[in-house]
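> Sequence:
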Amino acid sequence: MTDPAPIEERLRAALEARGRLISAHDLSPASPPAGRTWGTRRTRRVLSFAVAAAAAAAAAVFLLLSSNPPDHLRPAPPARQSHPTVAPTPTPTAPNPEPSTDPNPVPSAIPSAS
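Heads up: the sequence shown begins at 4 in our numbering, then just goes up one per residue.
It should be emphasised that the hints constitute simulated quantities derived from the structure, not laboratory data. A hint or two may mislead.
[To be verified] Now the in silico label distances, taken between C-beta atoms and shown as ranges:
hint, residue 1, residue 2, range
1, Pro78, Ala55, 30 to 40 angstroms
2, Pro7, Gly38, 48 to 58 angstroms
3, Arg48, Ala79, 30 to 40 angstroms
4, Leu14, Arg47, 39 to 49 angstroms
5, Leu50, Arg15, 51 to 61 angstroms
6, Thr40, Glu19, 36 to 46 angstroms
7, Ala37, Leu68, 49 to 59 angstroms
8, Ala60, Pro80, 34 to 44 angstroms
9, Ser51, Ala16, 36 to 46 angstroms
10, Leu30, Pro7, 22 to 32 angstroms
11, Trp41, Leu68, 48 to 58 angstroms
Think of the CB as a built atom: it goes at the ideal place given N, C-alpha and C, for glycine as much as any other residue.
Could you build the full structure based on these sequences and the hints that come with them?
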């Protein structure tokens, strides 16, 4: 067989050095993650659904309230033609043939106290 090339010798030496760094403990399966039961993805998903529901509710309220436009957006009604108003004149009343009775008559003679 032929002499190994210098590149092959260097590769073999690098692989052997790397192999010596790895132990059986490094090859065992990793322990399951411990911590919160809810992951960040699940939390983000729930929060995004909550934000979407709030946005949909806000849009529905806006659409319901905007169905009646405010007064400043409504067109003004046409102006009415104004006619001069004439105050009714009092009609003269016919003289009353009956004598008027005054509710507070002035006595002509003051009776004396006896």
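> If a hint holds in the structure, say so; if it does not, say that too.
These are the hints, each one checked on the structure:
1. Pro78 - Ala55: 30 to 40 angstroms: holds (38 angstroms)
2. Pro7 - Gly38: 48 to 58 angstroms: holds (50 angstroms)
3. Arg48 - Ala79: 30 to 40 angstroms: violated (52 angstroms)
4. Leu14 - Arg47: 39 to 49 angstroms: Because 45 angstroms falls inside the window, the suggested range holds.
5. Leu50 - Arg15: 51 to 61 angstroms: Cβ of Leu50 to Cβ of Arg15: about 54 angstroms, so the range 51 to 61 angstroms holds.
6. Thr40 - Glu19: 36 to 46 angstroms: holds (44 angstroms)
7. Ala37 - Leu68: 49 to 59 angstroms: holds (50 angstroms)
8. Ala60 - Pro80: 34 to 44 angstroms: holds (36 angstroms)
9. Ser51 - Ala16: 36 to 46 angstroms: Violated, at about 53 angstroms.
10. Leu30 - Pro7: 22 to 32 angstroms: About 29 angstroms separates the Cβ atoms of Leu30 and Pro7, which means 22 to 32 angstroms holds.
11. Trp41 - Leu68: 48 to 58 angstroms: violated (37 angstroms)
Taken one by one, the earlier hints fail for this structure at numbers 3, 9 and 11, listed in ascending order.
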